[in-house]
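Respectively, the protein sequence lines represent chains A and B.
When we follow numbering that gives the first Met the number 0, the leftmost residue of the first sequence carries the number 0, and every step to the right adds one.
When we follow numbering that gives the first Met the number 0, the leftmost residue of the second sequence carries the number 0, and every step to the right adds one.
It should be emphasised that the hints constitute simulated quantities derived from the structure, not laboratory data.
As the structure is a prediction and not an experimental result, all values here were calculated from the model.
It cannot be assumed that every hint is accurate.
Heads up, the list lumps identical chains together, so a pair's fine if it works in one copy or across two of them.
[To be verified] Computed list of lysine-lysine pairs in DSBU-like fashion (alpha-carbon distance at most 35 Å, straight line):
| hint | residue 1 | residue 2 |
| --- | --- | --- |
| 1 | Lys292 | Lys196 |
| 2 | Lys20 | Lys300 |
| 3 | Lys194 | Lys153 |
| 4 | Lys20 | Lys83 |
| 5 | Lys300 | Lys194 |
There are 2 protein chains.
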Amino acid sequence: MTADDPLPSWNEGPAKASIFKFVRTTTDPASADYVRPEDRIATFDNDGTLWSEQPHYFQFAFALDQIKAMAPGYPEWQETEPFKSALTGDGESIKRLLTGDIQALLEIVAATHFGMTTEEFEATVRAWLASARHSGTGRRYTDMVFQPMLELLKYLRANGFKTFIVSGGGIEFMRTFAEETYGIPHEQVIGSSGKLKFEMREAGPVLLKLAEVNFIDDNAGKPVAIQHHIGRRPIAAFGNSDGDLQMLQWVTGGNGVRFALLVRHTDAIREWAYDRDSHVGRLGRALEEVNEKGWTVVDMKQDWWRIFPFE
Amino acid sequence: MTADDPLPSWNEGPAKASIFKFVRTTTDPASADYVRPEDRIATFDNDGTLWSEQPHYFQFAFALDQIKAMAPGYPEWQETEPFKSALTGDGESIKRLLTGDIQALLEIVAATHFGMTTEEFEATVRAWLASARHSGTGRRYTDMVFQPMLELLKYLRANGFKTFIVSGGGIEFMRTFAEETYGIPHEQVIGSSGKLKFEMREAGPVLLKLAEVNFIDDNAGKPVAIQHHIGRRPIAAFGNSDGDLQMLQWVTGGNGVRFALLVRHTDAIREWAYDRDSHVGRLGRALEEVNEKGWTVVDMKQDWWRIFPFE
Numbered sequence: 000m001t002a003d004d005p006l007p008s009w010n011e012g013p014a015k016a017s018i019f020k021f022v023r024t025t026t027d028p029a030s031a032d033y034v035r036p037e038d039r040i041a042t043f044d045n046d047g048t049l050w051s052e053q054p055h056y057f058q059f060a061f062a063l064d065q066i067k068a069m070a071p072g073y074p075e076w077q078e079t080e081p082f083k084s085a086l087t088g089d090g091e092s093i094k095r096l097l098t099g100d101i102q103a104l105l106e107i108v109a110a111t112h113f114g115m116t117t118e119e120f121e122a123t124v125r126a127w128l129a130s131a132r133h134s135g136t137g138r139r140y141t142d143m144v145f146q147p148m149l150e151l152l153k154y155l156r157a158n159g160f161k162t163f164i165v166s167g168g169g170i171e172f173m174r175t176f177a178e179e180t181y182g183i184p185h186e187q188v189i190g191s192s193g194k195l196k197f198e199m200r201e202a203g204p205v206l207l208k209l210a211e212v213n214f215i216d217d218n219a220g221k222p223v224a225i226q227h228h229i230g231r232r233p234i235a236a237f238g239n240s241d242g243d244l245q246m247l248q249w250v251t252g253g254n255g256v257r258f259a260l261l262v263r264h265t266d267a268i269r270e271w272a273y274d275r276d277s278h279v280g281r282l283g284r285a286l287e288e289v290n291e292k293g294w295t296v297v298d299m300k301q302d303w304w305r306i307f308p309f310e
Numbered sequence: 000m001t002a003d004d005p006l007p008s009w010n011e012g013p014a015k016a017s018i019f020k021f022v023r024t025t026t027d028p029a030s031a032d033y034v035r036p037e038d039r040i041a042t043f044d045n046d047g048t049l050w051s052e053q054p055h056y057f058q059f060a061f062a063l064d065q066i067k068a069m070a071p072g073y074p075e076w077q078e079t080e081p082f083k084s085a086l087t088g089d090g091e092s093i094k095r096l097l098t099g100d101i102q103a104l105l106e107i108v109a110a111t112h113f114g115m116t117t118e119e120f121e122a123t124v125r126a127w128l129a130s131a132r133h134s135g136t137g138r139r140y141t142d143m144v145f146q147p148m149l150e151l152l153k154y155l156r157a158n159g160f161k162t163f164i165v166s167g168g169g170i171e172f173m174r175t176f177a178e179e180t181y182g183i184p185h186e187q188v189i190g191s192s193g194k195l196k197f198e199m200r201e202a203g204p205v206l207l208k209l210a211e212v213n214f215i216d217d218n219a220g221k222p223v224a225i226q227h228h229i230g231r232r233p234i235a236a237f238g239n240s241d242g243d244l245q246m247l248q249w250v251t252g253g254n255g256v257r258f259a260l261l262v263r264h265t266d267a268i269r270e271w272a273y274d275r276d277s278h279v280g281r282l283g284r285a286l287e288e289v290n291e292k293g294w295t296v297v298d299m300k301q302d303w304w305r306i307f308p309f310e
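Full structure from sequences and hints, please.
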């Protein structure tokens, strides 16, 4: 690391070297693999790639907190699953919710994410992000972002790349903090979404969030979402789980120099260590393609000198 | 008009003055209605707003030409509607197709827009745009864009606006020319779309265009699409038909200074003259809100000194 190193939180090693090599190759006009700025598109998963995702997805923590906040208005929840489990708040009940029946999970999402206008939802998420603290670290959720990835986003943008989020998280949930936290504007955030309804009210038009799935931006949904939103194939993709596999395949399946990177959670002390058997961010199948495809793997413990900005 | 007029094809008048006033008000840091650059979002309809749409939508002309090109492989089309009508090519049959049963129209769209990969489709549209000529003017379709609107797009971008297309046209159809023709990159083009399927083939991954509607970007679909793709409310919107009404309502329903403009096709000599009774680009309901809402109306005959770049 030197004084003008654009990636000071990355230890020297193959991962860091592969990033530098990719950017040099694609941005040097004298390079045979030069890519014009319009085509320098880079897509990033969010949960587990740009911020942590343990002990459960942060958006799920939001949903649980909302259930608690809403509970006084719904006394029947005290005796009705899945709300009863959500309200007990103990780790084991929550884990059962996350790993069990998808229907239970959807009920919790529906109760907390739908039936309001987009503007009401945004205000609720903003208020939550400003006050909520992570149960393990006591930090704000938006502080639990990966410093090396913030540097990488900035470095790519300084080299003419347009950076996008392509994540399974809710598109409107992520947009409330992506600009401030990652420097990524709303229109470059792609995620899962529910259907919306345009409604004319006395005070003016609103968009109502309906309890109906519009799009799930995970697995094979990621290349599809990339095509709908971006309309061209990115030349670089960054993920951390099997849910990112098809995005990485799509991106590296194109012509010319391509770059794909998987973040491995290997640091049980500073962050968390998990892969194949995790209930979130499972990483197994995608790892099997790494060697054949020449993808870069980041070993958080080895490759990252600093993980969180607050360290 | 002066030598450094950014809108030289606009005659002096209330429409041109309203554009200048809006841009000055929102970009002058000393103005009470100053808007920070991130929020300077402007959305444009395409058919009838940025290019012509007579005697029928240009994308429909593409579909008809494709039907003709594909016909040798489908001898049964000579005797089967709606293909039979499409193949006769006479104006009355085509108009009946356009104004009649929506199912007939969908069959023609399905036959020409689905069942291939996104890359195959893009190549087909590009080849068509390079060779096809408009039946009335003999010009390339991408030459039949409105010079005043090209100037307006450029002027807004020079003032820190991000310009988007939000149109009923096919998203992948429009992306093949929007960058070159309008200076609007793929990721800022929003349109109607079909479902896509990610498929791993021997030669690598592809996205297959399925014969299933994903989204119709018209009427109340426009504000919904704006929210999904852009994630914030634009401060300016430009349209020409009742299909743009909800977009204009949504944009001007927000706080602060807002701008909405409707292009009226009033020049039967240089372009076409039509409104309430047209089979494409019908304009009636939206006009009724103009006065109450303070929207700007462009009278093409009066307000545009030049319509097409080739004039």
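| Intra- versus inter-subunit Cα pairing at 35 Å for lysine 194 with lysine 153 | both (33 Å within a copy, 34 Å between copies)
| message | My question is about lysine 300 and lysine 194: at a cut-off of 35 Å on alpha-carbon distance, are they close within one copy, between copies, both, or neither? | response | Cα proximity of lysine 300 and lysine 194: none, with 40 Å in one copy and 41 Å across.
| query | How would you label the pair lysine 20, lysine 300 (within, between, both, or neither) given a Cα cut-off of 35 Å? | reply | within (22 Å within a copy, 56 Å between copies)
| query | What label fits lysine 20 with lysine 83 when the C-alpha limit is 35 Å: within, between, both, or neither? | reply | neither (52 Å within a copy, 57 Å between copies)
| task | Measure nothing new, just compare the shortest in-copy and cross-copy C-alpha distances for lysine 292 and lysine 196 to 35 Å and report within, between, both or neither. | result | Answer is between: at 22 Å across copies they meet the 35 Å cutoff, but 43 Å inside does not.
In summary, the structure is inconsistent with hints 4, 5 from the numbered list given earlier, while agreeing with the others.
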